[in-house]
Amino acid sequence: MAHLLRLHLQLPGEFRDAWLYKGHLYAWGRDGSLSTLELSRAFDHISAIRGPEVANVVNLLAFRNDWKFGQQFRNFMKSPSMEAEFLRPLQGGEPLVIELPPGLLSLSKSEKYGGAVLDTTIYADHVFMATAEGLLQSFIDPLDDTYSSRVFQHDDRRAFGVTVRYGAINVSAEERGLLFGSINNKSFEERSFFKATLRPVADYSRHSSFVDRDLLNYGMASAPELLRSTVVERELSPRTQEKYQVTGYRAPESIDALAHAATTTRVKVSNRLVRHTEHKHSQTAEVIGNSNNLLLVAWNDHLRVISMSIEPSVDVAVPDDIQAVPTKGYREFIWSHVRPDKILQTLPIRAGFLVEETESVKLITKDGVFDLLDEPVAHIRSFASSKQFKDVFVAVEEERISITGYYFAEQTLF
Amino acid sequence: MGGDEPPGSHCEKVRTDSDGIMYRSCAGTSYRSVNYHRSPSGTRDTKSIWSISRHSECNIFCESEQKSWSDTDSNRWSVAGEKAQDFGTEGERLAFFPTPTNNTDAWHGFPVLRRGRRPFRCPPDELLTKWLSEGRISYVDQQRILKARF
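From first to last, the protein sequence lines are chains A and B.
For reference, each letter of the first sequence is one residue, going 14 to 427 in the working numbering.
For reference, each letter of the second sequence is one residue, going 715 to 864 in the working numbering.
Note that these hints are calculated values from the structure, not bench results.
Even glycine gets a Cβ: it sits at the ideal position worked out from N, Cα and C.
One thing to keep in mind: the hints can contain errors.
[What the hints assert, rightly or not] A few chain B residues that face chain A, going by a derived Cβ cut-off under 7 Å, partial list only: (1) S753; (2) D839; (3) Y853.
This is chain A alone, in the form it adopts within the complex (with noise of 0.2 Å):
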């Protein structure tokens, strides 16, 4: 059994919320002031403050994050002797907790936002804020920390959460939809303002989450809806490696009657042929959220893991079909582990899932579930797309931020 080794890095302060961005923390006080932490300063001054094996546990589980996934890290951790000296800052049974001074904190000059803010996400230099007035946005520049930006409205619909990539704005508005725009490639060069024509692509949404370049959308359904993308090639921009612009999303395709049937069978099974069969149990199957392609599935008291995939028309006149079948590395969890009922959110990360409780922040893995953080958080980010901070989350809580890393080894390492 794995052994979960967990660590905390807090920053005091009263916060509204937290962003792990290309070497920097973006942090927006509840004024709608925004402060960055340069990472490697924070490095600078764990490894002066406590030395620089702490410092090295600290950048692979947090500021370095794709470190630990590297091949010549792990070679070096197949022994179990050096894999013990590095992970010795994590011993003792308890999760290492590092206190960051806010003075490390450098305050912007960039305009403030004091209304009320329900969602942020930073995308290739663009901070997008979903807003009780409507989508609005900035710029940050993570190579100059005195550059400020003033705050621009893209539309002034109430917006509940947002969602960007590959160029797509993605604004769920509740009862007004899912509200689709595009980044004006002059904004990706430029970094000034165009503003986005948000139109919508589907009745009512809660939160979307990309699967690939492809998107879900969770609304009043038991699953998400699927919405193919429609993409074209672009050129590779200083601000975003991708190599796709998404256009457009066809339209919206329930996966409701596929969640059901790929959860209660051990087969893959195809939306075209379940889509249309009417469910008469009584307990019907919920996804409750996405990491990528892997469906979190609430049915009968257990949570299972499903995995989709689309599976490409031979014909060009029959749409793609979509395909699900249940995850056999992951184990059926009882509600003794996690409660469905009681998920306040799940977010992707690249160990798996992560589940906000009232309480509590758990991880599910293949290797079971784990206690990450007790403590009831305002916010929870994680970035499993992004290059740098894949394993590792940021939470906003009463009184501070806490940067989340951890690292699975053997119980017997120590």
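Place chain B on chain A using the hints.
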């Protein structure tokens, strides 16, 4: 009165009828603690169920009335303080009191969850800010209500 009573709110029981128990609120308003939000049986639709006493239910209404915890449609809201017990049997910590259809009708209310696939409507942003500034809710709770995780 139970330990979950809001301070300074006193409801007075008026009578029992077939639909529930009628109270006079601290502001003299008629409030009925209805039977169908007290027991899961007897209604076609699933109704949320109070887990606090009927008297406490009225006192919660009373407090929302006294403190003008209302939205633009004059519906009233309440929220359980950090250490107070849940309002409902499913862990509901928000309560909603819809404006009566007719002026002569009594008020009634029920506990609500603002989470899940069909999150109940949200208290207005201004009311959430008021609750936060008065120390009724924490910042975490305010954000959770806004984001339908409460």
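Okay, the hints, checked on the actual structure:
1. S753: Violated - the Cβ of S753 of chain B stays beyond 7 Å from chain A, reaching only about 21 Å at its closest.
2. D839: Hint holds; D839 of chain B Cβ to chain A Cβ min 5 Å, cut 7 Å.
3. Y853: holds, 6 Å
The structure fails hint 1 only (numbered hints given earlier).
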